[in-house]
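*Asks:* Listed below are the residues making up each chain.
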Amino acid sequence: MTEKAAPCVLWSWVLVSLTAAVPLTALLAVATSYLPPVWRWTLWAAWGGVLLLFGCVYLPLRRRNLRYALTEDGIEVTGGVLIFTTRRIRREAVRQVTILQGPIERRCHTAFLLVSGTGGYLLAEGLPVARAEDWCRRLYTR
Amino acid sequence: MKARWEHPAAIPGHIPYYYLLLLLPLLRGVRYVRLPNGFPRWLRGTWFDEAVIASLLVLSAVAWSKRTYDVNEHRLRLCRGIFWQRTTRIPLRWVTTLTVERPLWLRLLRAARVSADTDGGNHRLADVRLTVWRRQAALFLPDSERGVYLRAKTWRMVLLSLLSSDSFGGVLLLTAAVRQSSVLLGESIRNTVMDNLEAAADAMAAIPRTAALLILVLAVGWLTGTVRHLLRHLPFALCRREDTLTVYMGTITKRIHCCAVGAVNYIDIRQTLAAHILRLYTVYINCTGYGKDKNTLAVVIPPCRRFREEWQLLFPHLRPCTVTLRPAKRAWLRYLRLPLLLLLLLPIAGQAAGWAFPVWRELAVYLSILAVLPCLWLGAVRMVAYHVTGVGYQEGQYSLCYAHRLTLHRVTVPAEKVAAVHIRRSLWQRRRGVCDLWVYSHHEFRRPHKVRHLKYDEVKQLLKEV
Chain A
11 MTEKAAPCVL WSWVLVSLTA AVPLTALLAV ATSYLPPVWR WTLWAAWGGV LLLFGCVYLP
71 LRRRNLRYAL TEDGIEVTGG VLIFTTRRIR REAVRQVTIL QGPIERRCHT AFLLVSGTGG
131 YLLAEGLPVA RAEDWCRRLY TR
Chain B
-4 MKARWEHPAA IPGHIPYYYL LLLLPLLRGV RYVRLPNGFP RWLRGTWFDE AVIASLLVLS
56 AVAWSKRTYD VNEHRLRLCR GIFWQRTTRI PLRWVTTLTV ERPLWLRLLR AARVSADTDG
116 GNHRLADVRL TVWRRQAALF LPDSERGVYL RAKTWRMVLL SLLSSDSFGG VLLLTAAVRQ
176 SSVLLGESIR NTVMDNLEAA ADAMAAIPRT AALLILVLAV GWLTGTVRHL LRHLPFALCR
236 REDTLTVYMG TITKRIHCCA VGAVNYIDIR QTLAAHILRL YTVYINCTGY GKDKNTLAVV
296 IPPCRRFREE WQLLFPHLRP CTVTLRPAKR AWLRYLRLPL LLLLLLPIAG QAAGWAFPVW
356 RELAVYLSIL AVLPCLWLGA VRMVAYHVTG VGYQEGQYSL CYAHRLTLHR VTVPAEKVAA
416 VHIRRSLWQR RRGVCDLWVY SHHEFRRPHK VRHLKYDEVK QLLKEV
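Here the protein sequences come in this chain order: A and B. Count along the first sequence starting at 1, add 10, and that's the number in this note's numbering. Residue 132 in this note's numbering sits at position 137 of the second sequence, and the numbers go up by one each step.
A portion of the hints provided could be inaccurate.
What the hints assert, rightly or not - To spell it out: a stretch of chain B is covered by chain A in this simulated footprint if at least three of its residues, at any positions, have a beta carbon under 8 angstroms from a beta carbon of chain A; those stretches are:
#: 1; region: 77 to 84
#: 2; region: 112 to 120
#: 3; region: 320 to 334
Keep in mind the hints are simulated off the structure, nothing from the lab. Since the model is a prediction, treat every value here as computed from it, not as a measurement. Where a beta carbon is used, it is the ideal one built from N, C-alpha and C, also for glycine.
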């Protein structure tokens, strides 16, 4: 059964991106204060454009393409914007399952499911909490 | 079981996670550097820096209060995080190694550090690391007292430390120690150390002074590394109970490692050239989590001549099988290619450096002669490797003998722990009908056992039989 990411995952990504953007913007502010005004405003405009493109185009497309599935064999995550990837961890390889919830997820009753296996890990973002708990239980009982 | 908090000694451990906040005082400082009369203005706003440091401490305390764990006979659950709340569940049957560490400062506070590791997760750090009260740490350890106990004699641990000591690591440790001592106790400590080193170098009259200093520093570093290994591993004892292997070690920091015997990926008998000449065997295991700490060796049987009795007691289900496939007869040149090439190039490089820098001519020539010694050593290791390299398969176990850098390995891998087998052939190898066999065992990351220059047809035949 294939699952789509909940819409509120988008806000979560925006929050994370903004958190990352704040120190970068602060660094840019310090760096551009040494530049002539023309260069300063050009850099600021470029930075704004990058942020806008990221928030309005990249993140919605990423959410639209995300798919999750828990099968008999294991757990699978498909997604990508320019390059589509499918990551799969076999049930036998699963070693740890972590449920992550930020402030937005707690409000929307969703969660991220981080599954670590012997060969790597995968992250299923924007799952309803009940489903995340259920998948967690099903991955343990094999 | 209800959720428990960690020991309060864990609070300082959370501070590094919030170091990013220190960027704010830094940025404030950078802003005032450019302004005229900046320093007094910066000084007036130091309340902001103090508030950031206070918030760092408060956040660490809050992070500690939000970090809880509970453990029962089936699973370990860890909840953590202030903004991002994470709940990790690990069934205890998937835990490969459980480590209880008691450094001196934690022993004084009646605390212990518990680490649990599985075959998944971070390959550099333990998957779960908790600082708990001492009585809580006991809950994690196996309670059965029955089992086979083995205690390693001190001379074996001294040998292990001598054989596995790392000169460069020792030099780094020594440098840091001298530097810190000179900061705390004054420059006289550093001057005394330097004076003594220089006096010892002057005493070695036959060798140029710089080369003598280099040799002395490396020798002292090697000895320091040996002492550090000894403090870390002595006293060393083992206990095999049902399906767990418990290792006790450490003088200042006491450590107990509980490894699940079923989770042991392979057993490795290692020998350096010196150990090979002395016929000393050291047995290591690969069990995720054991030996993951920096400077901890995943050893189970310290150096000895007759290791089979102890092996039989610890791992009765595994036996090193005989090697049936050997490298091709004409492959000896391939084994000796690198040391021969280095032996040829080093004197030329030394002479060239002497011509290019006439002031350093004597030292360059001397160092190039000194560098020949490790090349000869490598050549000897490669020669021995050519004679011992091979592959065997018997009763569901692979036996892989090969050399990696300056160490000889004899690895026993159960077939069910083999993740992949690759046969690799270069153009030269195709012409000669030989190949390299790469065996990947279960591990947190991909690291193959490489057995080189075996006969291709024999390898194909062996894999067909397997």
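*Asks:* Please verify the coverage claim for the region 320 to 334 of chain B: does it have three or more residues whose C-beta sits within 8 angstroms of some C-beta in chain A?
*Replies:* violated (count 0)
*Asks:* Test coverage of the region 77 to 84 of chain B by chain A using CB-CB distances below 8 angstroms; three residues minimum.
*Replies:* Since 7 is at least three, the answer is holds.
*Asks:* Taking 8 angstroms as the Cβ threshold, is the statement that the region 112 to 120 of chain B is covered by chain A upheld or broken by the three-residue rule?
*Replies:* That given contact holds, which follows from 4 residues of the region 112 to 120 of chain B lying within Cβ reach (below 8 angstroms) of chain A.
Checked against the numbered hints listed earlier, the structure breaks hint 3 alone; every other hint is satisfied.
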